[in-house]
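Protein chains in written order, with this note's numbering: chain R, 188 to 405; chain S, 137 to 327; chain Y, 1272 to 1490.
Please keep in mind that the hints were generated in silico from the structure rather than gathered at the bench.
Be a bit skeptical, because a hint or two may be false.
With a straight-line cut-off of 16 Å between C-alpha atoms, the simulated EDC-like cross-links for lysine to aspartate or glutamate are [what the hints assert, rightly or not]:
| # | chain 1 | residue 1 | chain 2 | residue 2 |
| --- | --- | --- | --- | --- |
| 1 | S | Lys261 | R | Asp278 |
| 2 | Y | Lys1363 | R | Glu222 |
| 3 | Y | Lys1365 | R | Glu222 |
| 4 | Y | Lys1371 | R | Asp278 |
| 5 | S | Lys261 | R | Asp275 |
| 6 | S | Lys261 | S | Glu224 |
| 7 | Y | Lys1365 | R | Glu217 |
| 8 | R | Lys276 | S | Asp262 |
Everything numeric in this text was worked out from a predicted model, so none of it was measured.
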Amino acid sequence: MKITLHMLATLIIVGALAGGGLSLMNGWAEPLIQENQRQLRDAAIGFLVPGTPEEAVDQDGLTAWRVRDAEGQLAGWVVRYAGVGFQDKIDVMIALDPERREIRGLKVLQDSETPGLGTWIRLSPANETLLLTTPDRDLGEAVNDAKNYPLQFFAYGGGKHLSAAGDLEVVKGKKRKDLAPNQVQAITAATISSRSVVAIVNAAVVKLDALLAQQGGA
Amino acid sequence: MELFGIFITAAVINNFVLSQFLGICPFLGVSGKLSSATSMGMATTFVMVMAAGVTFLIQEYVLDPAGLGFLQTVSFILVIASLVQFVEMVIKKVSTPLYRALGIFLPLITTNCAIMGLCLFAVMKDFSFIESLVFALGAGAGFTLALVLMAGIREELELANVPLNLRGAGITLIVAGTLALSFMGFAGMKF
Amino acid sequence: MSKKELSLGADFTKGLWDQNPVLRQLLGMCPTLAVTTSAINGLGMGVATTFVLVCASLMVSLVRKAIPAQVRIASYIVIIAAFVTIVDLAMKAKFPALSKSLGAFIPLIVVNCVILGRQEAYASKNNPLRSVVDAAGMGLGFTASLIVLGGVRELLGNRTVFGFQLLPDVWEPWIVMILPAGAFLTLGLILGGVNMLNRHREQAALQTARRASLAVKEA
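Using the sequences plus the hints, can you model the full thing?
Quick look at the structure:
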């Protein structure tokens, strides 16, 4: 009996100390963690469409922001949506023009694609710098490599943009200048990852239209 | 995702051992003989399904409503440890043959990261109760599959002339590498 | 204690080579294989594990006499899990990028058998100072193995180590090295190399001993 009591007391004391210590720790860490996540999100939105974001839709796993420039004019939209990739979930942010007719950018927030192949769906730091330093993000014909897959979603070659009607498709082996506004060149050896991203983008723009129509109707 | 998709994904596409690196210790330790590999696989699957169910209930009805998410690691590991003890006691009482087959493997399961990993992943992926159970079943099946494949190969390796310095863990890891490479063939299957 | 007392220094260095948790004892293989796609991930995981190992060893060693034998494993697990959560929260708060790339493997430190193994084999029987020294040695050995494995995989699979490009652009990256298969293959070969080194060392020691005994006989 005495031993049982001792055992119980030990477990309770150890558990209570651990729980108490952790709740203190959590009190310190929780605000920092949320701040980190907010910063990461705002940085991604700011990268895609510079300006002041205001949340427009947050429903069924889709979040969208209207972004306004310094004069309060609508500068564009940013949509966050996730879907299934090659291995696991892919979480992306998509930039749209103010009328939501063209896709103006894409940033993958999270994925578990095959390292070295499917991970080319991410913007590399070098590409990110290139985009930030190119006026109007007009990359001209500089983008001509399957490894620059995410760059296709930004403006390239004389302000050519991708269609935001939900009709994007993946093609293989075409020259970039021959691509139609609804065609995306696949990554070599990672066609499934490329298709997954395009499917998520299509689903996101269609869903955003539907949700906004619903809001307008209500 | 459909239930069947969850099962197949956990069992072969994202095989716990060969592509997620969970449960490597038993994979290296208990894959010497085919019979013990099968028993270990079954014992692990059994505990996985139970642990997935219990940790789901704890996350859903205790941790989340109370805002105690930071106690997740502590509570999950305690649940798994006590569950293993409990299962061991029950099996010992209920069936002697079953205890003989699984008993010695049960204590090893507490520190099997596949179980803990499974519970954490199920929460991360926002699975429902049924989905969590199917996920656990798939993960267990995948674990058993990897273990049995490895044991089969290692029984053959006994007869092979392996370079002296690679004998034991070295060659086992290299064989595991080639297995992992072939399991990549399952990646990209869609449901 | 029946065993011969090691000096404090030897207690520290044994974890680096002779009893290296990864290369000699084959413990803690899951995080070793899973997170070592790059040297920096290996370093992050190693430091996190070492922190938990040292703190848990100190704590267990301090309270070792107050804990009844029947519930010692449960108590150790709670202590370890508490420190793991502290590391997890701290990394999420201060190093979000590293925490994201290590993912679920931070909470999984709790089932790393190196840590529970050291509590059971060492910290529960030795004084706090020795336990901390032992834990630091083991942690350092673990971290070093992870950095080596991560470094090799990153170099061959991505041409870089710690993000610095070391191989020229003409080197076609071996993508397999950063895939799961590469982890198994690399560690298998490293273990082979370690065995070879050890065998050489043992043989050399044997020969010295033989020569010495011959010399004694001749004299």
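Note to self: Could you work out which of the previously given hints the structure breaks and list their numbers from low to high?
What the structure shows: 6
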